[in-house]
Structure formats: C-alpha cells, structure tokens
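Enquirer: So the chains spell out like this:
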Amino acid sequence: MSTNKHQQVKKRDEEFSQNITTKIWEETPDIKNPYIAGSSRCHGYELTELVEKCSYIEMFYLLFRGELPNKPEALLLEKLMVFLINPGPRHPATRAAMNAGVGKTDPEHILPIGLTILGGAHLGAGEIEAAMRFLRKHSRRPATQVADDLLKNSSRPDEGDWHIVPGFGSRYGSVDLMPNEMANTLASLDDDWKVLKWGCEFSRSLAAHQMGWLSTGLAAAVFADLGFQPRFGAGLFQLLNAPGLLAHGMEQANKPITAMPFVKDEDYVIEE
Amino acid sequence: MSSKSNVPDTTLWDKNRNKIYSKKGGWLIGKGVYSHGYDMMNDFVGKVSYMQVMILNATGKMPERRLAEWFEAAHICLSWPDPRIWCNHIGALGGTVKTSAVAATIAGILANDSRSYGAKPILEGMRFIQHAMKISKQGLSVEEIVEAECAKHGGKPYIMGYARPIAKGDERVPAMERVASHLEFSRGEHLKLSFEIEDYILEKFSEGININGYVAAFLSDQGFSPEDVYRTCSVVVNSGVTACYADARDRPADAFLPLRCDDISYQGKARRELKTFM
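Same order as they appear, the protein sequences are chains P and V.
Oh and the first sequence: position 108 is 108 in our numbering, straight run, nothing missing.
Oh and the second sequence: position 123 is 123 in our numbering, straight run, nothing missing.
Hints are computed from structural coordinates only; laboratory data are not their basis.
It is possible that some hints are incorrect.
[What the hints assert, rightly or not] List time: in silico PhoX-like cross-link candidates among lysine-lysine, alpha-carbon distance up to 20 angstroms:
| id | chain 1 | residue 1 | chain 2 | residue 2 |
| --- | --- | --- | --- | --- |
| 1 | V | K134 | P | K53 |
| 2 | V | K204 | V | K192 |
| 3 | V | K168 | P | K11 |
| 4 | V | K192 | V | K134 |
| 5 | P | K10 | V | K168 |
| 6 | V | K204 | V | K156 |
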C-alpha cells in the first residue's frame, strides 16, 4: 500500500488555563503550610458551620445547586434518596457488586464495580439524562396527548420490555409497581411538583399497555423538578443508588464462593 | 402478548431463568474450553496471536494474522506513556494515592469512553466514512460531502476523523500506512475517499486526517462495523495508563502534580453567613 502525503505535525497555539477553577469549594491555606487548608467553604458557607447546622440532604443540594434547599425541596430530595437507596438484589448492578464480593474482590472495588454497571442505558444511570430531556421538552403539552402520539407512532419490540421513552415503560412485561406508587406519593407532597405530576398523568396514559413509571423516570422527574441539569442526572442516580450496591456487595464478601449460584453445566447452553 | 392483555407475558425471562445461552463459547468442565467453535487449548494456544483472539471475541470473526498485527500496531499508536493525556493522567493520579494497578488502569480505560478521544470517537469516525462512501457512490463530490458535514457544525470543519486537539497533523497516520504497506494491504475505497477528503480539507481548512479517520477508513475497507471496532478497541488506552500509574506509584505519595490551596482558583460566591434553616 502506498503512503499519502500528510501535513507536518505542529503544536497548536491553544491556550490552556493556568489553574483549575471552581465555583464550588474554596480552601484557605494555613499560614505555615500552603498545602494544608486552614478552612474550607462550600459555595461561600464555612464547612464547620455547615457541619454544625445542616443535614446531609441540605448539604448535598447545596453542593450541586449552589444554594441551600427550601423545606419542600429538601423533603422531596430526601424522599427520593430513601426510595432509591437500594436498586435491590435482582438488579444487575447489585448482582455485579455481589459477584465481586463473593469473588473476594478487594472491598474498595465493590462499589465502583456496581456503579459502573449501574451506568447502563436500561434501568440505569445511562437513561436519566435522556429521560430528563424528554420530560423537560414534553411536559408543557398535555400528557395524554403526548402518550397517544407516542403509542400511535411506535411499536412494541418483538421481545423484551418496551421503554416507549427513556424512564417509562414495562418491567418484565408489567407496570413496575413500586416507582408508580412512589411517584403518586411524591406528587402528593405539599408543593406543586410540575414534572412529577405530569409524569403521573403520562404514566396513567400508558397503563393500559402495561407500561408506566420506571425508577429511572421517577428519578429524572424529581431531578428536573429540583432544577438539576440533565447532564448531572446520571451521576446523581448513581450516588443515590450507591448504598444498596455496597451493602449487598459487602454482605457477600465474607461468604464462601459457593454462597452464590454457579450455573450448572447442563444449564449452560452453547448455541451453534 | 396483546398490548392490552392483563396477563403479562414473561416467557422471555422464564426461558432464561437459571440458564445461560451463549453464542461465544465457554468452559465445559472436563471436556475443554471453547471459543466460537474453536478448542482454545488446542487451536489457539501457541498458534494464534492474543490480538486475533481479542478480535474474535469482540466480533465473532477470526481475523487473519496480519490484520491482528495491524490492530496491534494501531493499539501502540493509541496509547503512549504521557501523563498529560487525560486517561493517562487518571492513571497517574491513581498511582500517587497508591490505588492498585488494576483500579487505576481501569479508571483510565473508563475515561476513554469519551466524546473527545479514545475508543468511542471511532464509532462516529466509522459512521462518517461509511456514510460518505454511500453518498459518494450516489454522486456527491468530496467538496459536497465535506460541506454537508461542516453545515452540521455551523460551517466549522468538525469532521470526525480529521483534525485533532493540541497539534495539527498526526504522526500516527504515516506510521500506520507503513505498517499496512509492510503487511501488504492494498488501499481500499474507504481509505482512498478518506485521503481525498483530507486533500480537500487540507487545502480549505489546513487540517488533516487523524488516526481515528485513518483507522475508521482502513477497517471499513476490511468489512468491520463501527460497533465491531469499538468493542475490539475497548481497552485501547490500557498500556499508557498503566505506564503512567507505575511511574507515579513508584514515587512518594501525593508527589504527582501536588496542588497548594492557592493553586485552585475559586470563582464562586463570597464568604457568607449561614442562616438557620430555611
């Protein structure tokens, strides 16, 4: 094969920043050692004061949104955090963490392993941004109309679940009961959570087709109502699900390797 | 299931419950270890290259040895031990806080799922050249192909596989051309088109083809799909990340680019008082 004539490699005159910049965290150096922080502030508030006066939920919201939440915002976030604390022992991300645990993987890797698998676009963090964008774009139109249009213009896949849009669909062929129940509970909290309420109506419009809220859709709606940007959605979802992944992974870590199933040879089918 | 039926159809999940179906192979205990119909211990070990097996496992097709050699050379091109490169930087940061080699390397590899560099842009690079070939065959000129692509980005020459950050030109392209020549690969239609596009954008925008564009065109000529190449190249940055990890790991902790407090430029809200809750 002959070679082509290409341009000579030359450095571009790109200006890279001299420093890392942040609007989130400020550290004031100690007088004696500039590498040691004498004090730290989050969005202007002293960390020591935040430790003294703030709940974890308030601090969490402040870190990402730049302001402390009001009571309804803190309550909504807390409820979602409780609901999402564990994707459950059947979720593939949890099972990845459990597999790592029972396989005697170093404990510090168990959570990253679970979180990485939780990044998937099916019932995972990879679905959240798209779900948030869908909700932000469509929640100005009547939910029933949006659902009707979607049902008219798309079709159920030949096999497996149908996620008609990110965050909404069927789970093992049915409506997933828990996120639907939780969405109704959250939507009935005092404040007027517009995206959540719209999502509940949208979900009801899909019920006859065995579809509704998925946990990812519910997370996306709450994040949208709380004003988080869609690109933050994936990581927030991972953060909120993290405790369950770790708990299940560590539960298996002290058990023998035989404590989890190893599919029998006769049930391992190599297809031609 | 009828869409309005009240009885969910769980056949798919029932069929797969407690059972694994594999098109790839597996370990039949006491009989052998199989991959895509090959007996790994007898057909592979000592007979084929590791890269051939990697490509087979990623794509389901056993490549000829020279193609695997070409892939191996491309992997060398796509990972160097410079910790200023983003994924390698992560490896070095892992080293400086004494994470394990596996963790740091995997963290760096994960970073190459990026819109900017590493394995993921190859998807778009291949989609571009394969689409360009299709519309070229429909009669569009190189100029029209480039203009149509630039129009998607406000007239700017953002074409996946051309130009690169930090530098103009790409030393890896001529290196890979030499490898292809040595392995006696002929120049296929995708590669020819990719170089015609390069000639045009070199003249118009003073930008050239990059390694992504070259790899995308070469492998399109070899019949690969974008997903095939993405899967094969999933750990393409591996060696550079491990190198940078090792360098930092073997030095004192926190010695890789340490930051003083005032090395971070804070641009947020001024110090303020916390009122009681809200």
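Enquirer: Each hint needs a verdict: does it hold in this structure or not?
Expert: Hint check:
1. V:K134 to P:K53: violated (64 angstroms)
2. V:K204 to V:K192: Holds: V:K204 and V:K192 sit about 19 angstroms apart, inside 20 angstroms.
3. V:K168 to P:K11: holds (6 angstroms)
4. V:K192 to V:K134: holds (14 angstroms)
5. P:K10 to V:K168: Roughly 5 angstroms between the alpha carbons, so the hint for P:K10 and V:K168 holds.
6. V:K204 to V:K156: It holds: about 11 angstroms lies between the C-alpha atoms, which stays within 20 angstroms.
The earlier numbered hint that this structure contradicts is number 1, and it is the only one.
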